[in-house]
Amino acid sequence: MIEVHLYGKLRRFTDNQDPARDSILNLPVETGDTIEDIARHGSIPIEEIGSNIFLNGEYSALTRKVKDGDRLGIFPTEMQLLYKWHFAKKRE
Amino acid sequence: MSKILRVNMTDLTARFEDVPEKYRLTGGRGLTSSITCDEVPPTCHPLGPNNKITFAVGIVAGTSAPTSGRISIGGKSPLTGTIKETNSGGMAGQKLARLGLKAIIVEGQPKEKGKLWLLKVDKAGAQLQPADGFTSKGLYETYPMLFKKFSDKVAIIGIGTSGERLMSMAGICVNDPENRPSRYAGRGGMGAVMGSKGLKAIILDDAGGPGVPIANKEAFDAGRKKLVAALREHDITKPGGALNTTGTATLINVIDEAGALPTRNFSDGRFEGANKISGETLKETCEKRGGVGMVGHSCSPGCIIKCSNVYPRPDGTEHVSVQEYESIWALGANCGIDSLDATGELIRLCNDYGVDTIEAGVTIGVAMEAGLAKFGDSQKAIELMHEIGQGTPLGHILGSGAAATASTFGVVRCPTVKGQAMPAYEPRPIKGIGIIYATSTMGADHTAGYTIAPEILDIGGSVDKLVAEKSALARHFLHATAYLFDSTGHCLFISFAVLDNPSGLEGVVEECNGVLGTSWTVDDVLRMGGDIVKKERAFNKAAGFTSVDDRLPEFMKYEKLPPHNVAFDVPDTELDKTHDS
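Residue numbers (the numbering used here), protein chains in the order written: chain X, 1 to 92; chain Y, 1001 to 1581.
Don't read these hints as lab results, they were simulated from the structure. Don't take each hint at face value.
[What the hints assert, rightly or not] Listed next, the in silico EDC-like pairs over lysine to aspartate or glutamate satisfying Cα-Cα at most 20 Å (straight line): (1) X:Lys89 x Y:Asp1500; (2) Y:Lys1535 x Y:Asp1523; (3) Y:Lys1111 x Y:Glu1141; (4) Y:Lys1534 x Y:Asp1523; (5) Y:Lys1003 x Y:Asp1122; (6) Y:Lys1238 x X:Glu30; (7) Y:Lys1238 x X:Asp22; (8) X:Lys9 x Y:Asp1523; (9) X:Lys84 x Y:Asp1500; (10) X:Lys84 x Y:Asp1132; (11) X:Lys67 x X:Glu30; (12) X:Lys84 x Y:Glu1233; (13) Y:Lys1276 x X:Asp22; (14) Y:Lys1276 x X:Glu30; (15) Y:Lys1238 x X:Glu58; (16) Y:Lys1153 x Y:Glu1178; (17) Y:Lys1560 x X:Glu58.
Can you build the whole structure from these sequences, using the hints too?
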């Protein structure tokens, strides 16, 4: 399983939409799954996902592979605030 | 032809001078740092008669350039002992520029100890008058009294009781468009320098002022257009974008997710209460409570980003403006406090007493570590703020900042560089920020490094490679480019848009060319930025700083920070290369 923390309007894909609490989806992982695959498993439209994606706290691209036990944080397009020049994006 | 106003507090005179040729093409930080380097002895006591405090406008301040209302304030810092530039939004930058002034230099010291003065500047000239009746009170009481006396159309640059008492965490306050005492040039204790000059407030009345002449209107308009387009298109800065809706506090959840939100005095990188103090919760609270609560507030006229907010009490009346990322983090996560009502009250007290929210929050975090309060105890944190406001002996210790407090109570985990508290990004997981904190001419400062060129660092390579090997040249570039924004009067937040859009960056340079009649290129401006950083480094060197001061606190080298469980491992030799080239 992978623990997916969703923010902003993406919270609607979980059972909690109160921004003062965690909005978490627990999703199964298959070998070779990428972040994009996980988003699809959670029925999260890819076009709503912004550049702020963190896999185990690392700034990551949709193409990065995930594994069982990971923590994934996904922010929508309107929350992509970040001094991104300090974060090298991990792609694989 | 714009002028410089020189105010001598020893003989209480004010005179207007022509702008020397060497200062004609600079502004903001470029100007404050040049004047400090030219006129302030680096070894002087920051609170003595030989320090000077300079208030300077940016190159495009007072024009119709978007998001350009910043005012720069510089001198030698009592907190760090280094050169300092700190800047603020609010109403003062544009009014100072429209009065036909490039800068106000305040020097000397009144003979009468403890006596405070008001400096009134209008089209007729400048006069000093006693501040009797306007001192020893909170700024929420003082500012309305000053507006009543001078008109509600003036701008006020003032200090609170912390500045009057010469505390090293004292900032300098500028009113916002609704005349709240809520915008701060907070960092480095420049409020204490202003207090040491016996200057309680500067009142700027620009009615009938000459305005800002534009040498080449065509170039200015073309540049302005490009910048406006870049700001309106970018996801972060556009209307309805991140800054405009959930504000800078959007970063609470983002940096927490990145495992880099300093928590409980820099002992963790994630805060379990982050959601409760996030930009999302802030926005929802404003909407639910209604009344005066709002996001998308602008801190100065002509800002098209509008990242500020007004936070309401449960009954919809005003509690405070502004709850922004650094302040919420410092007084929230860093103190283990997970309530926006509590951070709102602590920020209100900072505004009222005139202290820097970052230094105050980090100081309270250190005090909590020392056992003066438990992490998460907001009531006790509020009591500690009152100690500062009342000027008790404990308040004076806390008011001297995080490093002094740590030293007084024997706290080893002291998150400062050159005596200045770190802002809201943990340097252990975000090593680039750590390099900036370590090597900035200003002490630990996040604004020194917003503007690194994305083509250098926004790359697909590995994080590790990014850190130690390729970074030195990039950091130099970064320190230099920060100059561009700090010297124009533009808010640093334009960097999000203009560094993703070369046309926006060109626009900024063309605006400057329009105002000054120059024909600079982007490269020219970057080179000039590098020259300013070199001057600032030379000042610090002459003040006694060496490469040994360009370091993070030792605990960050041996304490591994969860959740990444990393220490700061950038070698000292790499840090020393930052300013090479």
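Taking the hints in turn, this is what the structure says about them:
1. X:Lys89 x Y:Asp1500: 16 Å, holds
2. Y:Lys1535 x Y:Asp1523: With a Cα-Cα distance of about 19 Å, the restraint between Lys1535 of chain Y and Asp1523 of chain Y holds, given a limit of 20 Å.
3. Y:Lys1111 x Y:Glu1141: 28 Å, violated
4. Y:Lys1534 x Y:Asp1523: 17 Å, holds
5. Y:Lys1003 x Y:Asp1122: Holds: Lys1003 of chain Y and Asp1122 of chain Y sit about 13 Å apart, inside 20 Å.
6. Y:Lys1238 x X:Glu30: 39 Å, violated
7. Y:Lys1238 x X:Asp22: Violated: Lys1238 of chain Y and Asp22 of chain X sit about 27 Å apart, past 20 Å.
8. X:Lys9 x Y:Asp1523: 41 Å, violated
9. X:Lys84 x Y:Asp1500: This hinted pair holds, its Cα atoms lying about 11 Å apart.
10. X:Lys84 x Y:Asp1132: Violated: Lys84 of chain X and Asp1132 of chain Y sit about 49 Å apart, past 20 Å.
11. X:Lys67 x X:Glu30: Holds, at about 8 Å.
12. X:Lys84 x Y:Glu1233: Roughly 18 Å between the alpha carbons, so the hint for Lys84 of chain X and Glu1233 of chain Y holds.
13. Y:Lys1276 x X:Asp22: Answer holds: Lys1276 of chain Y to Asp22 of chain X is near 9 Å, not above 20 Å.
14. Y:Lys1276 x X:Glu30: Measuring from Cα to Cα gives roughly 33 Å; hence the hint is violated.
15. Y:Lys1238 x X:Glu58: Violated, at about 26 Å.
16. Y:Lys1153 x Y:Glu1178: 10 Å, holds
17. Y:Lys1560 x X:Glu58: 17 Å, holds
Hints 3, 6, 7, 8, 10, 14 and 15 from the list above are not met by this structure, while the remaining hints are.
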